[in-house]
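Going down the list, the sequences are from chains A and B.
Residues in the first sequence are numbered consecutively from 1, following my numbering.
Residues in the second sequence are numbered consecutively from 1, following my numbering.
The hints are simulated quantities; they were obtained by calculation from the structure and are not laboratory data.
Any given hint might turn out to be false.
Computed, partial: chain B to chain A, Cβ under 10 Å [unchecked claim]: (1) 2; (2) 10; (3) 69; (4) 87; (5) 119; (6) 120; (7) 123; (8) 162.
Owing to the predicted nature of the structure, the values given are computational and were not obtained by experimental measurement.
The beta-carbon is built from N, C-alpha and C at its ideal position, and this holds for glycine as well.
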Amino acid sequence: MSSDHYAPTIQPAELADVEARLARTWADPPGFLGWLMTVDHKRIGRRYIVTAMVFFVLGGLLALAMRTQLARPESGLMGPDRYNQLFSMHGSTMMFLFAVPVMEAVAVYIVPLMAGTRNISFPRLNAFSYWIYLCGGVTIFVAFLLDIGPEAGWFAYVPLSSSAYSPGKRTDFWAQLITFTEVAALAVAVELVATILKQRAPGMTLGRMPLFLWAMLVTSFMVIFAMPAVMLASSFLISDRLVGTQFFNVAEGGDALLWQHLFWFFGHPEVYIIFIPALGMISTIVATFSRRPVFAYPYMVLALIATGFLAFGLWVHHMFATGLPHLGNSFYTAASITIALPSAVQIFAWIATIWSGRPRFATPLLFVIGFLAIFVLGGLTGVMVASVPLDLQLHDTYFVVAHFHYVLIGGAVFPLFGAFYYWFPKITGRLLDETLGKWNFWLFFVGFNVTFFPMHYLGLIGMPRRVYTYPPGLGWDLWNLVATIGAYLIAISALLFVFNVIRSLRSGARAGDDPWQAPDLEWATSSPPPPHNFTYLPIVQSAEPLWHSDEIPVVRGATGDKREVLLTSAVEAAPGIRWQMPEPSLWPLVSALALTVLFIWSVFSPWGVVWGAIPVAIALTFWFWPSKSEQSE
Amino acid sequence: MRALRVVGDVSHLPDYGFGPAALGWWGTLGFILIEGMAFVLGIGALFYLLPLQPAWPPASRPPDLLWGTLFTVVVVLSEIPNVLAGRAAKARDARGVRIGLLVAVFVGFLLAVIRGFEFGALNERWDHNAYGSIIWALMLMHTVHVATDVYDTCVLAALAFARPLDGRRFSDVEDNAAYWHFVLVTWLVLYALIYWLPRMLGHG
């Protein structure tokens, strides 16, 4: 940075002038057209979060329907076919339409702000990602309502998902749901890697980078390496069903376990793809509400990276019951137990942070403490089922259902709700109500344990997963009823959250820029932030930039009439290029619609892939064709 | 709002760059990692299926060498216009970029034609057995990459002739050249696996 020609202070007139110019440059076109064309990471992040939460509610309603059916033995509410569709849709919705997207959605909103930049790295790809995700979710729910929804479970094991046992188009729609959601997730992953490595504020070296950014960096790389496996698997599956390939047909040299390997090579990292963003959220919340930096920062970073690596070495523990070689099983047992170590490092570091800080037990921190209790239990049952002899006993029982709901809801949904309470004021300008928040937390915490704790016992006494009903007198009746009551408690808690959001949007307390006295850069701008995020781009001189000085060091120069961001070097974050970002455009939406036509067409004919590619190519060409105003110098 | 203190000025910084300094390179890298992973897993599936067959190929001759080898020779030679276009881009030589892109487009179409003949010489159908399925899958995956990059090169060539080239377009041309390296390297691996592995295993 040159230090020749600038005055150290900014006069109010200059500030107002620059603000007005930036707001004009970064504004979307007005009205509905602008809503469709926007490439603002905040607008897209917001709609991504809202859409993911709608799918969370829909997935939750499917779960309530299942729990209502299971509340008493021999219930006639629904038959086995409908029940198969319900649990397949519930799992697919929660994994592909809620858990991964919502974590990426929060990152789409928060990461550029926390890094101190003005937009995500590839804004049009970001818009495209949202539209393709929305189209995929709508497609699968329309299919479900037309009775062609998935029926072979969220992991669609062959041969249950092959043409012989799943005729019709149900499994084909499931396979294309995977393609839709993985395209969307991969696009965001690439954007986040580039944003985090190239757009950090000058001075935010890797060693000063907030743990949430570290968590999203690790997650994004995991998405990049894990998700191709499931896309490949679902493409093999749909081509077996549609054009008669023999990948999974044992009679012609294929193999059913190839499916399981490919699926779980994605499916196990997937769990950590959901969990690691939550770890970043927890670190952020714990630091702010303990009013001190997270204890043992370098070890926290190493723990995140170690988790990311180890997550790729565990997938076979889902396959212990398939008769694999003993040595292989032992390796995966060891790896599965090893991954508990980095999780433990982080849990102890958070406890140390809270212990040695001056904690304020506001709602976000309550959700973190709820996480600690529930996740530790889920982690312990994880260590239990990592052991082959016990797993063989418990495989496909409700014990496993209990285990993964403890790790997924405890490990991801509790921190996510904490993050909602934490970042809601930044996103909307208003605080969520604390009293309702505490009710929200306690009802969720109690409801969760009432629902899922009895499932451990149900599994131990032999209740299998995925049964639509059971006879009376097996000792299962009471605990199933208890679990169902718990599920309704969770539903009430969710309703309370929705009520809190609506009420706070209308009449919540004004948040101001920084209601929590937090350390990170997203709190250095107004709430909600202007379209350009920061009027003057900030400089970072420590790991907690807002805690060490009342003044924010900034640079002049990227304040003109172009949509400019600063590109910095990947490690040292030294400024390098004033990079111009693209204008709003309708073409990402058109491209997503064209690709949707291709995906749905391909369910019915392989030629859909060929002919459907033409409109996609045309739309992409218009997308990338640069406008005159985007010329560089 | 907090007080702001100006500590520098960035208006002198350039507004484009090449390689890891620019954003486009990182996007290209991201997609190379994704697609490279898909190839690695596809190759993994091939080796998973291989020991399950009585022979490799189980019921046919290996693919004929002619078209596959011709494709390999041409795709290696295609690196000449590709590297020249990339170097011209870095030197901001508009004429060199235009010539390099035009030749690359021509070679790309030639490759597409050869690939068509290759499919006819695989000697096994995709729906006959798992061997046929996996080699067709790998061939199709690679063909999609060839088609995508040739189309991308066409669009870049059209842009290069439609208006004066600016720094960002030069940077795009360099990224496109980098992506073609990836298409080439994956093919060399696939060529060995599809054409030579069956022969090495003694069934040629």
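Structure-based check of all given hints:
| no. | hint | result |
| --- | --- | --- |
| 1 | 2 | holds (5 Å) |
| 2 | 10 | holds (4 Å) |
| 3 | 69 | violated (26 Å) |
| 4 | 87 | violated (20 Å) |
| 5 | 119 | violated (14 Å) |
| 6 | 120 | violated (17 Å) |
| 7 | 123 | violated (16 Å) |
| 8 | 162 | holds (9 Å) |
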